[in-house]
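Q: One letter stands for each residue in the lines below.
There are 2 protein chains.
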Amino acid sequence: MGGSASHAAVAASFFAPVKLVGVVGEDFPRKYIQLYKRHNIDLEGLQMLPGKTFHWSGEYEVNMNNRRTLLTELGVFETFTPTLPKSYQDSKFVLLANIAPALQSHVLSQMRRPKFVAADTMDLWLNIALPDLLKLIKQVDCFVLNDSEARQLTQDDHLLSALKKIHKLGPKYVIIKKGEHGAILSGRNGLFLSSAYPLHHVVDPTGAGDSFVGGLMGYLSTARGSVDSNLRRAMIYGSVVASFCCEGFGLNTTVRATRKAIEKRFKELARLTRF
Amino acid sequence: MGGSASHAAVAASFFAPVKLVGVVGEDFPRKYIQLYKRHNIDLEGLQMLPGKTFHWSGEYEVNMNNRRTLLTELGVFETFTPTLPKSYQDSKFVLLANIAPALQSHVLSQMRRPKFVAADTMDLWLNIALPDLLKLIKQVDCFVLNDSEARQLTQDDHLLSALKKIHKLGPKYVIIKKGEHGAILSGRNGLFLSSAYPLHHVVDPTGAGDSFVGGLMGYLSTARGSVDSNLRRAMIYGSVVASFCCEGFGLNTTVRATRKAIEKRFKELARLTRF
Chain C
1 MGGSASHAAV
11 AASFFAPVKL
21 VGVVGEDFPR
31 KYIQLYKRHN
41 IDLEGLQMLP
51 GKTFHWSGEY
61 EVNMNNRRTL
71 LTELGVFETF
81 TPTLPKSYQD
91 SKFVLLANIA
101 PALQSHVLSQ
111 MRRPKFVAAD
121 TMDLWLNIAL
131 PDLLKLIKQV
141 DCFVLNDSEA
151 RQLTQDDHLL
161 SALKKIHKLG
171 PKYVIIKKGE
181 HGAILSGRNG
191 LFLSSAYPLH
201 HVVDPTGAGD
211 SFVGGLMGYL
221 STARGSVDSN
231 LRRAMIYGSV
241 VASFCCEGFG
251 LNTTVRATRK
261 AIEKRFKELA
271 RLTRF
Chain L
1 MGGSASHAAV
11 AASFFAPVKL
21 VGVVGEDFPR
31 KYIQLYKRHN
41 IDLEGLQMLP
51 GKTFHWSGEY
61 EVNMNNRRTL
71 LTELGVFETF
81 TPTLPKSYQD
91 SKFVLLANIA
101 PALQSHVLSQ
111 MRRPKFVAAD
121 TMDLWLNIAL
131 PDLLKLIKQV
141 DCFVLNDSEA
151 RQLTQDDHLL
161 SALKKIHKLG
171 PKYVIIKKGE
181 HGAILSGRNG
191 LFLSSAYPLH
201 HVVDPTGAGD
211 SFVGGLMGYL
221 STARGSVDSN
231 LRRAMIYGSV
241 VASFCCEGFG
251 LNTTVRATRK
261 AIEKRFKELA
271 RLTRF
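Each protein sequence line maps, in turn, to chains C and L. Residue numbering for the first sequence follows the numbering used here, starting at 1 and increasing by one per position. Residue numbering for the second sequence follows the numbering used here, starting at 1 and increasing by one per position.
Calculated from the structure, these hints are not laboratory results. Check the hints yourself; a few may be wrong.
Only pairs whose alpha carbons sit at most 30 Å apart, straight line, appear in this in silico BS3-like list of lysine-lysine [what the hints assert, rightly or not]:
hint : chain 1 : residue 1 : chain 2 : residue 2
1    : C       : 264       : L       : 37
2    : L       : 260       : L       : 37
3    : C       : 165       : L       : 267
4    : L       : 115       : L       : 164
5    : C       : 178       : L       : 165
6    : L       : 178       : C       : 178
7    : C       : 267       : L       : 37
8    : L       : 178       : C       : 264
9    : L       : 264       : C       : 164
10   : L       : 264       : C       : 172
11   : L       : 115       : C       : 165
12   : C       : 267       : L       : 138
13   : C       : 260       : L       : 164
14   : L       : 165       : C       : 267
15   : L       : 37        : C       : 178
16   : L       : 267       : C       : 172
17   : L       : 264       : C       : 267
18   : C       : 264       : L       : 165
19   : C       : 264       : C       : 19
20   : L       : 37        : C       : 168
21   : C       : 178       : L       : 267
22   : C       : 264       : L       : 164
23   : L       : 178       : L       : 165
24   : C       : 264       : L       : 260
25   : C       : 165       : L       : 178
Sample of chain L residues at the chain C side, in silico, Cβ under 8 Å [said to hold, decoys possible]:
hint : residue
26   : 63
27   : 69
28   : 193
29   : 195
30   : 200
31   : 232
32   : 233
The beta-carbon is built from N, C-alpha and C at its ideal position, and this holds for glycine as well.
Construct all of the structure, not just a fragment, from the sequences and the given hints.
A: Okay, structure coming up:
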């Protein structure tokens, strides 16, 4: 089991009630629906359509940081243009997890007055849907991408100047994910450099980026105070949920995490980086 | 001007009095001697011999992290086996900057009762002098190397397990430098993950690793309290001095740093990583 929405929704569910928007094919295993339900994920926005569920496969270099897509089958996502359930439209924290940017914009356009909108993406959309992606970036508060995508988008090898260029495309907050090397946030309070939680065994990093941004948004939506005062901790929570994700295939190890185990790794990461 | 000893000595000189051991050829420019003197570096252990000064050249990939040696000319280092000045032998903090490990061991054997000995290295010695290097590693408190060297030495792609394997070779403290991605310390108090100081313009990272370990040892030798309680801050000071080094060629920008400017970047790095 994988998919950006699944990873992000489960990651966020450790912190907040989640409403999932997405589509699966008739081949989608029943037990996965049960898994969402165990995590109290609202499935009113999940459609099941005739056809095949989205499928992605790829391979990683031995460093587990660089990956190459082998196959992307959109399946039922090909023609998916959801009408959001009414109960979803007033959500204050909106995560547009990685999918075609036109679809992300379509979902966003149905939200009434979101307080904070984040969008994630992947190299595929930079390659085949860049104009849509640039339109989307203008509309979000926070744009999230990985280091190689940031370099591709800005044609700039230097991440700090890439960050500046991405801000010029619209978003007030930009987060560049660097896998095992952590992440950089650029926002109103300047930069924040976060470390990844160090893992002794990385089994499969697929979904780690989705888990990161899901955990981040889940924490952010429930934390008291302003987004600015919570965003750093939100990134650490995101990193921690991502660390659980990397320890197994699919959602196998993420679902075994608990809020208590997450808090433990959060504190550990604080200890590991304090000076 | 470059060379591990030059970079490390100047970096350490911002924190502590430095006694330099090394050799240069008759071609060594007089103005470089003046530079050492301006930094109050004791030159009793610096010999000038007939022949050419050590010379290294290399090229960096566009990411400024991966480099390839083009040329290493040992010159007068080929036959250098120094007898340490008496005034050097009681030094408490000894940095064996990157050079042939047999030479590092030869210097160390003349020290009376050092309190803390660190050794740096480079891929060249892993390739051509591994037995000597393994002998050296056994004798030092702290072994410092970069991530690709750690992978090469341990035949392990995973840095946390590489750290464990390096501890088994002898040293209580191991530091893996990761360039722009910071550094990892593994010691008595477990791990410490440090971030690199983020630079807007990297001109040349040559000597950054030497500056890092020089700054680290310089701070460590003057800070009150135990090595364990100071090592994290020492790594941050090392990172900061290395950041100045990267902003220019050779020692051009390192020498323009001041203790005040170093403290400023130290505080900034604390702000950038706090959560």
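Q: Take the hints in turn and mark each one as holding or not.
A: Structure-based check of each hint:
Restraint check for residue 264/C and residue 37/L: not satisfied, since their Cα atoms lie roughly 51 Å apart, outside the 30 Å limit. With a CA separation close to 20 Å, the supplied pair residue 260/L and residue 37/L stays within the 30 Å bound. Taking the CA atoms of residue 165/C and residue 267/L, the gap is near 27 Å; set against the 30 Å cutoff, the hint holds. Proposed proximity of residue 115/L and residue 164/L is supported: the alpha carbons are some 23 Å apart, at most 30 Å.
Using a Cα cut-off of 30 Å, the hinted pair residue 178/C and residue 165/L holds, with the two alpha carbons roughly 26 Å apart. Taking the CA atoms of residue 178/L and residue 178/C, the gap is about 13 Å. The hint holds against a cut of 30 Å. Our distance criterion of 30 Å between C-alpha atoms is broken by residue 267/C and residue 37/L, whose separation comes to about 46 Å. Proximity of residue 178/L to residue 264/C is assessed by CA-CA distance (about 26 Å); at most 30 Å being required, the pair is judged to hold.
Between residue 264/L and residue 164/C the CA atoms are separated by roughly 23 Å; this keeps the pair inside 30 Å, and the hint holds. In summary, the hint linking residue 264/L to residue 172/C is supported, as the alpha carbons are separated by about 27 Å, within the 30 Å threshold. At most 30 Å may separate the alpha-carbon atoms for a hinted pair to count; residue 115/L and residue 165/C exceed this at roughly 49 Å. A hinted pair counts as satisfied when its Cα atoms are at most 30 Å apart, and residue 267/C with residue 138/L does not qualify at roughly 34 Å.
Between residue 260/C and residue 164/L the alpha-carbon distance is near 28 Å, which keeps this suggested pair within the 30 Å criterion. Restraint check for residue 165/L and residue 267/C: the C-alpha separation of about 27 Å stays at or below 30 Å, so the hint holds. Taking the CA atoms of residue 37/L and residue 178/C, the gap is near 42 Å; set against the 30 Å cutoff, the hint is violated. For the proposed pair residue 267/L and residue 172/C, the alpha carbon gap of about 25 Å is at most 30 Å, so the pair holds.
For the suggested pair residue 264/L and residue 267/C, the alpha carbons sit about 27 Å apart, so the restraint of at most 30 Å is met. A C-alpha spacing of about 27 Å is found between residue 264/C and residue 165/L, which places the hinted pair at or below 30 Å, so the restraint holds. With a C-alpha separation of about 27 Å, the suggested pairing of residue 264/C with residue 19/C holds against the 30 Å cut-off. The hinted pair formed by residue 37/L and residue 168/C fails the criterion: a straight-line CA distance of about 47 Å is larger than 30 Å.
Pair hint residue 178/C plus residue 267/L holds up; C-alpha atoms about 24 Å apart against a cutoff of 30 Å. Taking the CA atoms of residue 264/C and residue 164/L, the gap is about 23 Å. The hint holds against a cut of 30 Å. A hinted pair counts as satisfied when its Cα atoms are at most 30 Å apart, and residue 178/L with residue 165/L qualifies at roughly 18 Å. Under the criterion of a C-alpha separation no larger than 30 Å, the hint pairing residue 264/C with residue 260/L is inconsistent with the structure, at around 37 Å.
Note on residue 165/C and residue 178/L: the hinted pairing holds, with a Cα-Cα distance of about 26 Å set against a maximum of 30 Å. A least Cβ separation of about 6 Å between residue 63/L and chain C falls short of the 8 Å threshold, and the interface hint therefore holds. The restraint placing residue 69/L at the interface with chain C is violated, with a minimum CB-CB distance near 21 Å, outside the 8 Å limit. For the restraint placing residue 193/L at the interface with chain C, the shortest Cβ-Cβ distance is roughly 4 Å, inside the 8 Å limit, so the hint holds.
Checking residue 195/L against chain C: minimum C-beta separation of about 4 Å stays under 8 Å; hint holds. Interface restraint check: residue 200/L against chain C, minimum CB-CB distance 5 Å, threshold 8 Å, status holds. Look at residue 232/L: its Cβ gets to within about 4 Å of chain C, closer than 8 Å, so that hint holds up. Here the hint on residue 233/L is kept, as its CB sits about 5 Å from the closest CB of chain C, short of 8 Å.
Going through the hint list in order, the structure does not satisfy hints 1, 7, 11, 12, 15, 20, 24, 27.
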